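J.: Residue numbers (the numbering used here), protein chains in the order written: chain A, 3 to 102; chain B, 312 to 676.
Just to be clear, a hint being listed does not mean it is correct.
[Claimed, not checked] Interface residues of chain B toward chain A, partial, derived using beta-carbon atoms under 7 Å: (1) 349; (2) 542; (3) 545; (4) 589; (5) 591; (6) 595; (7) 599; (8) 601; (9) 603; (10) 605.
Bear in mind the hints are in silico, worked out from the structure with no lab data behind them. A quick note: this is a predicted structure, and the numbers were derived from the prediction, not measured. Cβ coordinates follow ideal geometry from the N, Cα and C atoms, glycine included.
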Amino acid sequence: MAEDSTRDSTICRCEDVTASAIAAALAAGARSPTEIKVLTRAGMGACQGRVCRYLVEALVAEATGLPPEALVPASYRPPVRLVRLDELARQHGEHAGKEG
Amino acid sequence: MAGDDSKVVVIGGGAVGTACAYYLARAGDEVTLVERSGLGAEASGANLGLLLVSDKPPGPLFELSLESARLYGNLAAELDYQVQYERSGSLLVYTSPDAMAGAEARAADLRSRGLEAEVLGRAETRRLEPALHPGVAGSLWCNLDGTIYPFALCHGYARAALRHGARVLTHTAATALEAEGGRVTAVVTDRGRIRTEAVVLAAGAWSPALAATVGVRLPIEPSRGQMLVTEPVPPMVRHVIMGHEPYVRQSPYGQLLIGSIPERVGFNKATEVPVLAEFAAGAIGLMPCLGGVPVIRSWAGLRPRAEDQVPIIGEAPGVRGLFVAAGHFRNGMGQAPATGAAIAELIRGRPGYPWLEAFDPGRFA
Ligand SMILES: Cc1cc2nc3c(=O)[nH]c(=O)nc-3n(C[C@H](O)[C@H](O)[C@H](O)COP(=O)(O)OP(=O)(O)OC[C@H]3O[C@@H](n4cnc5c(N)ncnc54)[C@H](O)[C@@H]3O)c2cc1C
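Next comes chain A alone, as it looks inside the complex (with noise of 0.2 Å):
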């Protein structure tokens, strides 16, 4: 049936996390985003989020009869790019060089 189909979908493809995993912290009692994402891991992966949080907004809206702007949204917070550790640590040198 076209629900099953849909229950195995693949919310959070960094993450690897299904409909079904996210209809289960539903029923478990999550009734926002950010309790989603911490209990099912969806928009924790390298992406943060940037794919499958509307994805899951729907779903909790869905889930709870609020509309989705009504909704806190989850905490996605990347740096403003991704950066690498060693790029990050020569920022640490160049702030002690100002510091003098």
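Assemble the complex: chain A is given as a structure, and chain B with the ligand must be docked to it using the hints.
T.: This is chain B with the ligand only, laid out in the frame that chain A set:
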């Protein structure tokens, strides 16, 4: 609904509050937990998840961590929840032969306290942790340190408390306590007033404001900690690595978690590039191969730091029935289970732990 009565109200859904709710409910008490946001919304969801026993000197802090490690050992089965506890063991890393001078004595001390500990040379250390800097002089291995997935701990405790009949009210904030004739009588929340015989104040760094509503002074202040998280990398850090700041831990999902130092900046959860850059440099100094790993995220959390850096666990002076469980500073994850178990004993009037006295809130009076 928040308007109903309860025997005990726990305020705060972090590691400490959820642990208290679970051990109380398991002992048969009628418990209501109130949390102003979701479970693990503050420090208990922002930390590294290290459970350190071997870094504590002999005494009450060690006992609290040791008893917690004992409770962690069976916790996943007991809660029927994957809290992701790993007793991975730790390596206290020495960067110079001079620094290793005290290692054997330290190992003997840990063994005399019932832990397994062994001094390892450079080759053995690098065999166990190949990513470590080749210049590392050696290490001290200890068996009992481990890690946890912090959110899973809070949710595991809360769900098991629910099964034992507790009520868990998330998105419900306590706004004041009420007392009459020197006894606590109610918790006022933004969704109604709950009359109660006892309160467990486990609101982390936010505990003092609530204590003040019944005239109790709690010397706890926020201590910021920042963290960096990288993209997942193949398994490369197996033990808890100690003796070096920042800590570098690998999560079961492969991401590296890097942090953190205490910063006294009030209730400010901003992250700051200079501090994160220092962490990045420190992590590369410990493990040079990390340089190319991309960072995906950073955040900060607020630890509850008691004035004397010792947790505050026990009945508040002057207000019968008000129990404090807060102020665990850098060790709240490692000490939440025994804190919860001790609070459950205290409220039932049978304080069974000899070390509990050291945490008494009366010490500030
Ligand atoms: C970056 C960082 C790294 C750390 N690393 C480690 C580590 O590796 N190992 C370790 O053991 N510890 C670590 N810690 C410390 C640890 O996180 C804390 O000691 C621990 O989480 C404290 O737990 P808590 O339940 O007392 O407080 P919190 O987790 O802060 O919980 C308090 C709860 O109370 C709620 N609350 C507040 N006010 C109210 C109110 N008025 N009504 C209702 N609810 C309210 C909050 O929303 C919050 O959920 C770290 C901390 C940080 C910040």
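J.: If a hint holds in the structure, say so; if it does not, say that too.
T.: Status of each hint after checking the structure:
1. Taken as an interface hint, residue 349(B) checks out: its beta carbon lies about 5 Å from the nearest beta carbon of chain A, inside 7 Å.
2. With its C-beta approaching chain A no nearer than about 5 Å, residue 542(B) sits inside the 7 Å limit, and its interface hint holds.
3. Restraint check, residue 545(B) versus chain A: the minimum CB separation of about 15 Å is more than 7 Å; hint violated.
4. Interface hint at residue 589(B): satisfied, since its Cβ lies 5 Å from the closest Cβ of chain A, which is below the 7 Å cut-off.
5. Interface restraint check: residue 591(B) against chain A, minimum CB-CB distance 4 Å, threshold 7 Å, status holds.
6. Taken as an interface hint, residue 595(B) checks out: its beta carbon lies about 5 Å from the nearest beta carbon of chain A, inside 7 Å.
7. Checking residue 599(B) against chain A: minimum C-beta separation of about 10 Å lies over 7 Å; hint violated.
8. For residue 601(B), the suggested interface contact is upheld, since its CB lies about 5 Å from the closest CB of chain A, less than 7 Å.
9. Taking 7 Å as the C-beta contact cut-off toward chain A, the hint placing residue 603(B) at the interface holds, the least distance being around 6 Å.
10. Taking 7 Å as the C-beta cut-off, the interface hint given for residue 605(B) holds, the closest approach to chain A being about 5 Å.
In summary, the numbered hints that this structure violates are 3 and 7.
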